[in-house]
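K.L.:
Protein chains in written order, with the working numbering: chain E, 1 to 356; chain D, 1 to 356.
No lab work stands behind these hints, which were simulated from the structure alone. Just so you know, these numbers come straight off a predicted model, no measurement behind them. A couple of the hints might just be wrong.
For identical chains, the list gives no copy identity; a pair is met inside one copy or between any two copies.
Listed next, the in silico SDA-like pairs over lysine to any residue satisfying Cα-Cα at most 20 angstroms (straight line) [as the list claims (entries may be wrong)]:
hint, residue 1, residue 2
1, Lys341, Glu98
2, Lys335, Pro264
3, Lys193, Asp225
4, Lys202, Glu313
5, Lys190, Asn329
6, Lys314, Asp332
7, Lys101, Pro73
8, Lys101, Glu71
9, Lys310, Arg215
10, Lys301, Leu142
11, Lys3, Arg59
12, Lys101, Lys183
13, Lys102, Pro73
14, Lys269, Ile347
15, Lys310, Ile68
16, Lys3, Ile327
17, Lys214, Leu294
18, Lys102, Glu71
19, Lys56, Met1
20, Lys183, Leu227
21, Lys293, Ser305
22, Lys183, Val260
23, Lys310, Leu213
24, Lys101, Ile27
25, Lys183, Phe255
26, Lys58, Asp208
27, Lys202, Asp39
28, Lys202, Pro73
There are 2 protein chains.
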Amino acid sequence: MYKYGYLFDFTKRVFMKMGCSDHDSAIIAEVFLAAELRDHASHGMIRLKDYYELWKAKRINTGAHVTIVHESPSTAVVDGDNAVGMIAARTSMGIAIEKAKKAGTGWVATRNSNHFGIAGYYAMMALEFDMIGICLTNANPLVAPTFSISRMMGTNPIAVAIPAMNQPPFVADFATTPIARGKLAVAEKKGEKVPFGFVQDKDGLPSDDPTILKRGGSMLTLGGDRLHGSHKGYCLSSIVDIFSAVFSGANFGPFVPPSVAYLPVLEKKVGAGTGHFFGAMRIDAFQPAEEFKLKMDEWIKTFRSATPVKGQEKVLIPGDPEREAEIRNMSDGIKIVPAIKDDLVSIAIQLGIDFE
Amino acid sequence: MYKYGYLFDFTKRVFMKMGCSDHDSAIIAEVFLAAELRDHASHGMIRLKDYYELWKAKRINTGAHVTIVHESPSTAVVDGDNAVGMIAARTSMGIAIEKAKKAGTGWVATRNSNHFGIAGYYAMMALEFDMIGICLTNANPLVAPTFSISRMMGTNPIAVAIPAMNQPPFVADFATTPIARGKLAVAEKKGEKVPFGFVQDKDGLPSDDPTILKRGGSMLTLGGDRLHGSHKGYCLSSIVDIFSAVFSGANFGPFVPPSVAYLPVLEKKVGAGTGHFFGAMRIDAFQPAEEFKLKMDEWIKTFRSATPVKGQEKVLIPGDPEREAEIRNMSDGIKIVPAIKDDLVSIAIQLGIDFE
Chain E
1 MYKYGYLFDF TKRVFMKMGC SDHDSAIIAE VFLAAELRDH ASHGMIRLKD YYELWKAKRI
61 NTGAHVTIVH ESPSTAVVDG DNAVGMIAAR TSMGIAIEKA KKAGTGWVAT RNSNHFGIAG
121 YYAMMALEFD MIGICLTNAN PLVAPTFSIS RMMGTNPIAV AIPAMNQPPF VADFATTPIA
181 RGKLAVAEKK GEKVPFGFVQ DKDGLPSDDP TILKRGGSML TLGGDRLHGS HKGYCLSSIV
241 DIFSAVFSGA NFGPFVPPSV AYLPVLEKKV GAGTGHFFGA MRIDAFQPAE EFKLKMDEWI
301 KTFRSATPVK GQEKVLIPGD PEREAEIRNM SDGIKIVPAI KDDLVSIAIQ LGIDFE
Chain D
1 MYKYGYLFDF TKRVFMKMGC SDHDSAIIAE VFLAAELRDH ASHGMIRLKD YYELWKAKRI
61 NTGAHVTIVH ESPSTAVVDG DNAVGMIAAR TSMGIAIEKA KKAGTGWVAT RNSNHFGIAG
121 YYAMMALEFD MIGICLTNAN PLVAPTFSIS RMMGTNPIAV AIPAMNQPPF VADFATTPIA
181 RGKLAVAEKK GEKVPFGFVQ DKDGLPSDDP TILKRGGSML TLGGDRLHGS HKGYCLSSIV
241 DIFSAVFSGA NFGPFVPPSV AYLPVLEKKV GAGTGHFFGA MRIDAFQPAE EFKLKMDEWI
301 KTFRSATPVK GQEKVLIPGD PEREAEIRNM SDGIKIVPAI KDDLVSIAIQ LGIDFE
């Protein structure tokens, strides 16, 4: 088990060695560790190697200047200058929050960015300002639209954070697929099958093989099949892609660049880098903040008191599991499995810093 | 088969007889017929009786004055004065569009409204202004959150309309459940079972019985079960509910009033009427409109050219089936099944107008 502070300092040092400023490196480390604390380990330390390899391959800009290229009272388009995704994203969400202070809401589309960790981190930035936060991003294509065998979309997540008064905030953060990509990797490492409804083979036939993506297979959208509403998952994933990429001028759909260095740069570009979309909505642009937050308390208590199915302890509010994990992982420490530790040690040696 | 114009005129006359102005009655008729044209018959003429019975029971206000009760440069809260939902909704979306003209985006939360027909109608209002349109609404509770047997949410739909240049617009309009409520009624009338994954019984056990809602059952969220992502459908449905009701001051979750007169008014209120949420985003607040729309053409052509699964003709773009239906139904006419025709004749007789 590793302490939060140890992994934070190590991650920060890695990015400083890669040329990021002290300030930027601290932000990046915070987002990496937020994923670990919230039990989204698929977006945590396991990804550090990908970022390091992209930097070694000169495919990511650690000295980027993130700039606004277009704006209106409630909107902006941001160019990430090929920054580490966390830097482009945090700056963009900050702009959305500033816009919202004046116009009631702020909406920022960001192009020329990269993988940014967990979407929930940026949505939650709005909470301390008594705002609702929204964050969307597209991602490299692994997912087939309904009726198709072509990988056209990423797992394109949606995050929405809504403040309450005495209750903890409502925080939804989910891929628009039945499962996140990382769960396939976990099943593969364990040598297990996955349930039907997650992936299909190269011909579009149902599959329970977590390694099927390596042989022309693809992930399915939320809903699984047409009968159970996969076209609705396809709609959601498309909306995330269009908001993130067409609003911003980033690459869309099958042209989103890979977030790992072992996959080649795509030949065809239809925009700049990966795209994100951020929203901040001042709650007092709709209702007095105190009234809204008390009403959210009532909403949360109402849903928490729904009758559970027999055998289930309770009905959860979005954000409950992650908040419980945060408390536990901050106190008990963060588990790093041996294979990932080996990666971190290897990065440390190459950069001349310590990790043990 | 009925001609569009005949059903439009009849519907308009019905609402005029109920006290709506000429102008309002035409809007309501247009939304009813939009549902029929787009093959969403579950929101079309079949519903006229519900509106009529609510009016007879004095539970809906046909002389309503819809007003803005709070606003910021990019937001407004609208009180629907218990209007027919179409009137509150069309006025609200119009306000969102006006806000967007000045602030780049416009966001309106509406309370004290009623059932408003198809959400896609209002989202599509934005298209002619080169804006993206968004429409959400909550609805009377039939759906259980993940791990629960309590009916806490409606089928809470999401509609998003995005303009293109030479391609038709992208129009997504879908319930956050695997199927719409109306599909259960259709299966019931045919005496058929439904696939597992749509509903559960009163104990939360899987069910294929379309009549199970009458015996304590509930609908499931998009995803179906926890393993296949029902918690994501629960998140979506919750977000729609909170945006529609907590932002506006309407009733949320289990307190949303029924949209039919044969169900009693609920004893507990936590706000006013049903709630909706509308968004309009000027595309040139992000990108020059022409560039954006040409890029959307490219997005649409890219997805349309995805390889279909063997046995499928093509990959669809959201909005394709409804647009094809519109053309077909406008030319061939609209089918009204005998049971619904009987309802319409009965309403006509009671109001002293013709229907045959």
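K.L.:
All hints are to be evaluated individually against the structure, with a verdict given for each.
P.N.:
Status of the hints after comparison with the structure:
When the C-alpha separation of Lys341 and Glu98 is checked against a cutoff of 20 angstroms, the pair qualifies neither within a copy, at 40 angstroms, nor between copies, at 55 angstroms. In this assembly of identical chains, the alpha carbons of Lys335 and Pro264 never lie at most 20 angstroms apart, being 31 angstroms within a copy and 54 angstroms across copies at closest. With identical chains, the CA atoms of Lys193 and Asp225 are at most 20 angstroms apart both within one copy (19 angstroms) and between copies (18 angstroms). For the identical chains of this complex, Lys202 and Glu313 are inter-copy neighbours only, at 17 angstroms across copies versus 40 angstroms inside a copy, given an alpha-carbon limit of 20 angstroms.
In the homo-oligomer, the alpha carbons of Lys190 and Asn329 never lie at most 20 angstroms apart, since the shortest distance is 23 angstroms inside one protomer and 54 angstroms across protomers. Proximity of Lys314 to Asp332 under the C-alpha cut-off of 20 angstroms is found in neither arrangement, the shortest distances being 24 angstroms within a copy and 52 angstroms between copies. Proximity of Lys101 and Pro73 under a CA criterion of 20 angstroms is satisfied in both settings, with 10 angstroms inside one chain copy and 11 angstroms between copies. Within a single copy, Lys101 and Glu71 get their C-alpha atoms as close as 15 angstroms, and across copies as close as 14 angstroms, so both meet the 20 angstroms cut-off.
Taking identical chains as interchangeable, the C-alpha atoms of Lys310 and Arg215 lie at most 20 angstroms apart only when they sit on different chains, with a minimum of 17 angstroms there against 41 angstroms within one chain. For the homomeric pair Lys301 and Leu142, the shortest alpha-carbon distance between copies (19 angstroms) is at most 20 angstroms, but the shortest distance inside one copy (38 angstroms) is not. Proximity of Lys3 and Arg59 under a CA criterion of 20 angstroms is satisfied in neither setting, with 31 angstroms inside one chain copy and 60 angstroms between copies. For the homomeric pair Lys101 and Lys183, neither the shortest alpha-carbon distance inside one copy (39 angstroms) nor that between copies (44 angstroms) is at most 20 angstroms.
When the C-alpha separation of Lys102 and Pro73 is checked against a cutoff of 20 angstroms, the pair qualifies both within a copy, at 8 angstroms, and between copies, at 8 angstroms. Taking CA atoms no more than 20 angstroms apart as the test, Lys269 paired with Ile347 passes in neither setting, with 31 angstroms inside one copy and 59 angstroms between copies. In this assembly of identical chains, the alpha carbons of Lys310 and Ile68 never lie at most 20 angstroms apart, being 53 angstroms within a copy and 46 angstroms across copies at closest. In this homomeric assembly, Lys3 and Ile327 come within 20 angstroms of each other (Cα to Cα) only inside a single copy, at 13 angstroms, whereas the closest approach across copies is 63 angstroms.
In this assembly of identical chains, Lys214 and Leu294 lie within 20 angstroms of each other by CA distance neither inside one copy nor across copies; the values are 50 angstroms within and 34 angstroms between. With identical chains, the CA atoms of Lys102 and Glu71 are at most 20 angstroms apart both within one copy (13 angstroms) and between copies (12 angstroms). Proximity of Lys56 to Met1 under the C-alpha cut-off of 20 angstroms is found in neither arrangement, the shortest distances being 29 angstroms within a copy and 68 angstroms between copies. In the homo-oligomer, the alpha carbons of Lys183 and Leu227 lie at most 20 angstroms apart only across protomers (12 angstroms), although the nearest pairing inside one protomer, at 24 angstroms, exceeds that limit.
Taking CA atoms no more than 20 angstroms apart as the test, Lys293 paired with Ser305 passes inside one copy only; the shortest distance there is 18 angstroms, against 47 angstroms between copies. With identical chains, the CA atoms of Lys183 and Val260 are at most 20 angstroms apart within one copy only, with a shortest distance of 17 angstroms there and 44 angstroms across copies. For a Cα distance limit of 20 angstroms, the shortest separation of Lys310 from Leu213 across copies, 19 angstroms, qualifies, whereas the shortest one inside one copy, 37 angstroms, does not. Within a single copy, Lys101 and Ile27 get their C-alpha atoms no closer than 23 angstroms, and across copies no closer than 36 angstroms, so neither meets the 20 angstroms cut-off.
Taking identical chains as interchangeable, the C-alpha atoms of Lys183 and Phe255 are never at most 20 angstroms apart, the minima being 24 angstroms within one chain and 37 angstroms between chains. Taking CA atoms no more than 20 angstroms apart as the test, Lys58 paired with Asp208 passes in neither setting, with 37 angstroms inside one copy and 55 angstroms between copies. For the homomeric pair Lys202 and Asp39, neither the shortest alpha-carbon distance inside one copy (32 angstroms) nor that between copies (33 angstroms) is at most 20 angstroms. Neither within a single protomer nor between protomers do Lys202 and Pro73 lie at most 20 angstroms apart by alpha-carbon distance, with minima of 47 angstroms and 50 angstroms respectively.
In the structure shown, a violation is registered for the earlier hints numbered 1, 2, 5, 6, 11, 12, 14, 15, 17, 19, 24, 25, 26, 27 and 28, in ascending order.
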